[in-house]
Every structure is written in C-alpha cells, then in structure tokens.
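Trainee: Here's the letter readout for the chains.
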Amino acid sequence: MSKQIKLKKGFDIRLVGKAEKKIGDFQPVKTFAIKPTDFIGMRRPKVIVREGDTVKAGSPILFDKKLEKVQYVAPVSGEIVEIKRGEKRKLLEIKILADSEINFENFERFTEADIAAASREKLVDHMTATGVWPQIIQRPYGVVADPEDEPKNIFISCFDTHPLAPDYDFLLKGQANYFQAGINVLKKLTKGSVFLGLSGESKSSEMASIQGVETNYFSGPHPAGNVGVQIHHIAPINKGETVWTLNPYGVVQIGKLFTNGHYDASKLIALTGSEIKTPVYAQTYIGSCVDSYVAGNTNSDNVRVVSGNVLTGEKIKRDGYLGFYDHQLTTIPEGDYYEFLGWMKPTTEKLSYHKALGLLSFLHPKKEYALDSNVRGEERAFVQTGVFESVTPMDIYPVYLLKAIMAEDFDEMEELGIYEVIEEDLALCEFVDVSKHPVQEIVRKGIELIQFS
Amino acid sequence: MKFLRDLLDKQKPLFQKGGKLENLYYLYEAGETFLFSPKHTTAPRGAQVKDAIDLKRMMITVVIAMVPCLLFGIYNTGHMHYLAVGEAASFGDKFILGLTLVLPIVIVAYAAGGLVEATFAVVRKHPINEGFLVTGMLIPLVVPATTPLWQVALATIFAVVIAKEVFGGTGMNILNVAMTARAFLYFAYPAQISGDQVWTYLGDKTPVDGFSGATALSVAYQSGQEGVDAASNLASHNSAIMDNMFGFANMFFGFIPGSIGETSTLMVLLGAAILLFTGVASWKIMLSAFGGAYIMAAIMQLLAVNEFMAMPAHYHLVMGGIAFGIVFMATDPVSAAQTESGKWVYGLLIGVLTIIIRVTNPAYPEGIMLAVLFMNVFAPLIDHYVVKANKKRRLQRATV
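Protein sequences appear in the order of chains A and B. Taking the working numbering, I'd label the letters of the first sequence as residues 9 to 461. Taking the working numbering, I'd label the letters of the second sequence as residues 4 to 403.
Just so you know, these hints were derived from the structure itself, not from any lab. Accuracy of the hints is not assured; some may be wrong.
As the list claims (entries may be wrong) - Dumping the calculated EDC-like pairs for lysine to aspartate or glutamate here, alpha-carbon to alpha-carbon at most 20 Å:
no., chain 1, residue 1, chain 2, residue 2
1, B, Lys391, A, Glu423
2, B, Lys42, A, Asp309
3, B, Lys13, A, Glu347
4, A, Lys285, A, Asp309
5, B, Lys15, A, Asp344
6, B, Lys15, A, Glu347
7, A, Lys29, A, Asp177
8, B, Lys391, A, Glu397
9, B, Lys394, A, Glu397
10, A, Lys199, A, Asp157
11, A, Lys64, A, Glu87
12, B, Lys395, A, Asp417
13, A, Lys411, B, Glu343
14, B, Lys391, A, Glu422
15, B, Lys42, A, Glu347
16, B, Lys5, A, Asp344
17, B, Lys395, A, Glu423
18, B, Lys394, A, Glu423
19, B, Lys395, A, Asp419
20, A, Lys353, B, Glu35
21, B, Lys42, A, Glu357
22, B, Lys395, A, Asp403
23, B, Lys128, A, Glu386
24, B, Lys391, A, Asp403
25, B, Lys395, A, Glu420
26, B, Lys42, A, Glu386
27, B, Lys42, A, Glu342
Said to hold, decoys possible - Reference listing, derived: stretches of chain B covered by chain A, where coverage requires no fewer than 3 residues with Cβ under 8 Å from a Cβ of chain A:
no., stretch
28, 55-61
29, 128-136
30, 332-339
Note that the Cβ used here is the ideal one computed from N, Cα and C, for glycine as well.
Bound conformation, chain A alone:
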C-alpha cells in the first residue's frame, strides 16, 4: 500500500551550478582519506594500521572502541601515507595513496537463496566485518547503528531535495539488481518493514520496481527528501524506539558486497555550485581528495569548497577530502567582505525566504542564485515567530525545542520531539533564521545531552 504524501511546508534554495547529467573527465584521484569526524557519535576512534602499511579495498583500518564490532575499512587499495592528528592528538584523517588498479579483499559471496537462508546474526557479522555497516544510521541520534539493536523499521529515502543535490536516478542507474540484493539483506535485519521514500514528482525511478519494500511517494519543497521527515509522516519515532536509515548508495554497496564479495566504495559525485567551471558528475571512491576536481576548475580563488550541500555540508580545504556520506561537492564564493548599508539595501541578487523591506527575491521564484558564505547580519535573541514552523513539515515546534535544548531541560526536549530530528531536519531553520542561530549545532548538543544522560 503506497501512500502519496504532499508536503507544503519547506523552501527550495535554488542555486546556480547544478551538475549536468554526464560523467566528466578528470585526472585520477591519487589519495583518499577516512575521517573519523565524519562519523558523528564515534567516541573512541582507534586506528589499526600504521603509516607505510599496505591495504586492500575492504581491509579494516579503524574502529570505535565503544562499538568494537563495527569495522571501518579502506575504500581503495594502496599505502597508508599519513595518519593526521590535530590538537590534543585528535585523530583527523587516515590517508591512503591509491594503487592505480584497485585490489579487493575477497569476502564470501551470497546468492539470493543464501541470503534468504542465512541467519540474521550471520548477516550482521558479515556486514560489520566488511565495512558496509557504517552505512546504517540509527534514529534517534543519527549515529552509526549498534549491531546489537533490532530496529522497528528501516527507512531509505531515494531522492535528495537539498540545494543542488545529485539526481539519485542518475547515481543509481543500472544498479537496481544490487539495490534489490541490499534490500533482501536489510529485510532480514528488522521484524518491521523496509520503507522506500520516492519522489512524487518523478515516477520513472528504477526503484519503483523494487520488491519486498513499502514504497511511499513524497512531493513538495525541501525537506521532503529528508528521511527524518519521511519517517515522521509514516511511522514516527517514539521514546525508546530505534529505527535505521540508509542512503540508497549504502543499500547498493551492501548488495555489491553480498553479490560480488567485494567492498566496493566506488561512487558518483556531483560537482556543483556557482564557482565550479564544469558542473558535472565524477566517478570516484569514498573519501576522495577533491584536488583533482577543484584545481584550475574554479572561477576565482576566494572560493569555499563544501563537502556535501550548502545546508548541511562541511567546509573543506581545496585539497581536502570528501566526507564519507557525501555525494556532492559544492563551491560557493567566500563572503568575507563588508557591505555598505547591506542591511537595508534593496536586492534581487540575494535569496530570501522573507519579504521584508528590499528583499526582492520573491519576485523571481524560479531564479537561481549565486549565494556566498556571508552570514548577512549578526546573531540576536529569538524575535520573529512562526517562520521555523513554516519550513519544517513536521508536527514539531522547533523554537520551543531549541529553547529547551539551550536550557538543558531534558524532559522538555523529550516531550517536544528531540528523538525525531537530527541536524538536517532543521537545517532550513538555520538558513531562514532572522536571528542567525547556529540551529544545527544546538540540535546536536541536545541529541548528545539526551544520548548520554
């Protein structure tokens, strides 16, 4: 029984630089890195390789002492060239110089019948040992799932509505059989259902023919594609419950692992944003250095390179590494400039959700903007009301929740729905906020307070 869910609340941030649907020709990427900081909730990362070691794609290189079973593996084969640490010896990056030809660790292969016959325990053990497990994110908290848990349901959103997000139909083209194999595995991990969230706008998706799942269609502006929003409308998370979520890429990766016996970290990424000369897709692996894509390919030097999208992404260096979960690179101009009377000047060049004096972007609802990283104002106390609610298609009062977190009021946080959100679900609030609060940072603080209380 598939449902059609139309969401009205939200806002699409239309930016210049959508990736053209073709795969570009770039210099092969030489180094790849796994960044423990990409795994929110990893508390005690422990490296198990040393500089100079050689690894194959799928060799374990890292684990979290708090979740020892789950192995984090090398995305490519090659030599560990650097284990980079920051202040107080915090582990930052494990860099691998890739071989020109990737060698894979060989893992057990499963036919469809093998998967059906295997015990849940065997599947979990196989997944945790081979590096695909970190693709499973648990809610609440938005951290790597604990293999000891059994989730109520598993949710997969097959489209992304973030600004300039890659087209998942393009990313997953021709991978439906792997996706199906992945679903077959996931189905055995939960007594509940596996839910697919598809875009209500494009119904041609290959994913529509996947068997053994409950498919629902979502339409409307961002954040309709956020899995958290979809969960909220299908089977909301209550206190004490755990559900798992995956990006479709993770499902394919699991499918490849079980079908081919390899940890395949190859992925397509979208190169986007106003500052990139050639906005196209690129074929690479997890943790790719972005140097090959950015060097000589930007319109100016004062560019911010973002791993991910402009709402939830992270600023990286021009020779930095793409985040583990990211399928997108965004380039925007840095906004480190003063603007004379910038707070009252009428403008059609800056995007705004609001229509206050001189904000004229509402006149061009289809226009694409080249936004920069300027904050456009200063942080203030909450003043305007009703705006966060209007971009959050959930039965949640974001301002009350944020205030409860700021006051560290645990009961209030629970009652107001902290279990149902992670950063990305309230990221739009951070964009539209008149008072410029670091909304996502506050949400994470609240989650950590609840998680470790």
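Given the structure of chain A, go ahead and fit chain B onto it with the hints provided.
Mentor: Just chain B now, with coordinates in the frame of chain A:
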C-alpha cells in the same frame, strides 16, 4: 565608501580587547554594523549560506510601515490646531506646526531610549538591539502632541528599563515596551494623557466658541450616560469647527483629535498592508483581533442597555487607538503568542477585551492599551496549552 571603511578600520583597535576604549566596544560595533554589514562568514559545519534577512532589516520594515501614520499625525496635529482656533492655514503651515510639535517628541523618545539601550549594552556587554528602532517610533505615535517632553523621556526610560532590559533585552521581554510606556504615562500623569483638554494643541490661542476637545470615544460614552443616540450625537459633535467630524468616514480618514499616530484608520491600514505584504507581522493576530472587536461590538449592540452599547459595531473599529494598537502593538512577535494557533486566540481576546473595557468600564474610555498588556501577560499561557497539546499527541502515539 572606502573612506568610511578606512576610518572605521583605523578606529577599531581602540575598541577591541586591550584598546583604550574597549568598554565601549558595543557602541562602536553598533555604528559599524549600521554602516557596513559585517564580513562574518558561516561556520565550517552547518548552513554554508544564509538568508539575506537580519533583525535590522526586519525592524526597519516596521519603522517604514509606521511612516504613513507619522506623516499623517504631523499634518493632523497642525490641522486640528488651526481648526480649533478658527484660523485658515495652508497645508504647509499645518505640516510645519505639526512638525515643530511632533519632531521633538520623536527625538526625545529615541534619545532617551537609545541612552538606556547603550548604557545597558556597555554595562552588560551585549550588542545594541535593533528592537529599539521600533519602540522609539511607537512611543511618540501613542501619546498626544501636547505631552511634555520630560514625560516622554521618563516614560521611555521607565519602559525600556522595566519592561525590557530587566528581562534581558530585546527578545526576552514579556510586555510590549511602547505600550508599557503609555501605561506608565496613563497612570503616573493622567492629567496629560486623558480627559478632553490634551488632544488638540492650542498654544496660547483661544479656541473658537463651542469648541470641544473631546475624543470620539468620550463623546460616545457620554451618549450612553445621557441616553441620546450615539451615532447622531457623534455626527453633530463639534459642529462649531467642522461638520460631521465624528462621522464614520471622517473618523476613518482620521481628521479627529487623538494621539499623534492613532487617528487615521486609513494610514494604519496602509501600514498594515506593508507589514502583511512583507510578512513581518502576523495576519492571524490582525484578523482575529479586528474580528474579535467587531463580534464583541455586535454582541454589545444586541444586548444594548444604553445608547453607547447600541452604537453601530463598525464605529468601534475606527474610533480611538484600536486599529493602531492591533496593527503595530498586538503583533509585536516577542510579546504576542508565539504559536500559530495561539495567535488566533491571542488576537481574538485582544479585540474582545478592548470592546468590553471601552463599553463597560467608566474609568477607561479606551481599552486597547490594557487589552494588549493583559494579553501580553497571558500569551505564554496560551502558548503553554498549544505546546502541551503537541506534547500530548506525541505521548499518545507512543502508547499505541
């Protein structure tokens, strides 16, 4: 602009940590950010781009929305004076006289309030908040043009300190600041803000024979006391200086005595259009407050035991300060209800209470001031129940 920027950059070290004037950093910052939007960039994690709006822009939108009321108020102050003293005068004369009366009040309100803001910002080490841009303009618009300047200053200081700063500044206040200033004047110096003598500036001239300085509301109230039809009593009032002064149309246009900015419903609606179009104020509050007032007035009319109650309900919407209060003060996002369903209740009750106070309470001819302040106090309670319903939905889901 480069020259200004260089000047600011040159002075900056003086105010930064270790500089001679570091205590005054937030004064410098206020000036700097007024001239130039800062060059801060977004944090490495999280939203990398931000909406073009900020609090300064939002507040200046409200100030702009008040400009029609201010300009009309200036003109009407002069207009009323020349009518009362029976002299013919040009548009320019009226406007200039109004300007000489109103402008000092605006300046004093901004100066006194600004001083308090700046003092608190320096002592408490927080940035100067833009909320005062609005408060400083609202206060002059809700007092009569004859208010002594020292009272304006005192009321402003009282309101900014007691209604806002003690709670932590803009965004933290419970009561609408400008309404608090007016309430302070009303209770501390009633002689200068109520009665029949304060609304029209006479100067040292004597008014024409038969002139009355009463406001429409007090005339309507008198009709109730004397048992004469309110609408016709209003229409014939003050015929010595103007025909049909308190007719519905003239009250709507606003050529009547009253506080500086409140008299013209038309100008208020113009401001409301700006606020609603820009989305800065809540249409729910405005609609429900006007609706509540009209419904309550209609109920009064049905139950009429005196002539004031029997007055046509739509008269209530153009008399006194109800329109101004609803559009500019009830909608203050900080002191109003903050949940969307709460806003309906909050607005509705403001409208209802205003009419109840007007019609049934002989001590207060106008009800909007107390209705807004009263509902400011109750807004958190309304929100509490709305949020509680949300929590309950969540809890019920958990047990199924």
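Trainee: Determine for every hint whether it applies to the structure shown.
Mentor: Results of checking the hints against the structure:
For the hint linking B:Lys391 to A:Glu423, the alpha-carbon distance of about 9 Å falls within 20 Å, and the restraint holds. Restraint check for B:Lys42 and A:Asp309: satisfied, since their Cα atoms lie roughly 17 Å apart, inside the 20 Å limit. Between B:Lys13 and A:Glu347, the direct Cα distance comes to roughly 17 Å. Compliance with the 20 Å bound is thereby established for this hinted pair. Only pairs whose Cα atoms come within 20 Å are accepted, and A:Lys285 paired with A:Asp309 is accepted, the gap being roughly 12 Å.
Proximity of B:Lys15 to A:Asp344 is assessed by CA-CA distance (about 17 Å); at most 20 Å being required, the pair is judged to hold. Restraint check for B:Lys15 and A:Glu347: the C-alpha separation of about 17 Å stays at or below 20 Å, so the hint holds. With a CA separation close to 10 Å, the supplied pair A:Lys29 and A:Asp177 stays within the 20 Å bound. At most 20 Å may separate the alpha-carbon atoms for a hinted pair to count; B:Lys391 and A:Glu397 meet this at roughly 16 Å.
Between the alpha carbons of B:Lys394 and A:Glu397 the distance comes to roughly 15 Å, so the proposed pair stays at or under 20 Å and holds. A threshold of 20 Å between alpha carbons decides the hint, and for A:Lys199 with A:Asp157 the separation of about 12 Å falls inside it, so the pair holds. Of the pairs offered as hints, the one joining A:Lys64 and A:Glu87 holds, with about 9 Å between alpha carbons and a cut-off of 20 Å not exceeded. For a cut-off of 20 Å, the pair hint linking B:Lys395 to A:Asp417 stands: about 18 Å separates their Cα positions.
For the hint pairing A:Lys411 with B:Glu343, the CA-to-CA distance comes to about 17 Å; that is within 20 Å, so the pair holds. For the given pair, B:Lys391 sits about 13 Å from A:Glu422 by alpha-carbon distance, which is consistent with the 20 Å threshold. A distance of roughly 8 Å separates the Cα atoms of B:Lys42 and A:Glu347; the hinted pair therefore holds under the 20 Å criterion. With a C-alpha separation of about 16 Å, the suggested pairing of B:Lys5 with A:Asp344 holds against the 20 Å cut-off.
At most 20 Å may separate the alpha-carbon atoms for a hinted pair to count; B:Lys395 and A:Glu423 meet this at roughly 8 Å. Taking the CA atoms of B:Lys394 and A:Glu423, the gap is near 5 Å; set against the 20 Å cutoff, the hint holds. The suggested pairing of B:Lys395 with A:Asp419 holds, with an alpha-carbon distance near 13 Å, which does not exceed 20 Å. For a cut-off of 20 Å, the pair hint linking A:Lys353 to B:Glu35 stands: about 16 Å separates their Cα positions.
Using a Cα cut-off of 20 Å, the hinted pair B:Lys42 and A:Glu357 holds, with the two alpha carbons roughly 17 Å apart. Pair hint B:Lys395 plus A:Asp403 holds up; C-alpha atoms about 12 Å apart against a cutoff of 20 Å. Our distance criterion of 20 Å between C-alpha atoms is met by B:Lys128 and A:Glu386, whose separation comes to about 15 Å. With a CA separation close to 12 Å, the supplied pair B:Lys391 and A:Asp403 stays within the 20 Å bound.
Taking the CA atoms of B:Lys395 and A:Glu420, the gap is about 12 Å. The hint holds against a cut of 20 Å. For the proposed pair B:Lys42 and A:Glu386, the alpha carbon gap of about 10 Å is at most 20 Å, so the pair holds. This hinted pair checks out: B:Lys42 and A:Glu342 have alpha carbons roughly 10 Å apart, not beyond 20 Å. Evaluation of the coverage hint for the stretch 55-61 of chain B: fulfilled, as 7 residues show C-beta separations to chain A shorter than 8 Å, against a requirement of three.
Check on the stretch 128-136 of chain B: 4 of its residues sit with their Cβ under 8 Å from a Cβ of chain A, so the three-residue criterion for coverage holds. Beta-carbon proximity to chain A at under 8 Å applies to 3 residues in the stretch 332-339 of chain B; the threshold of 3 is reached and the given coverage holds.
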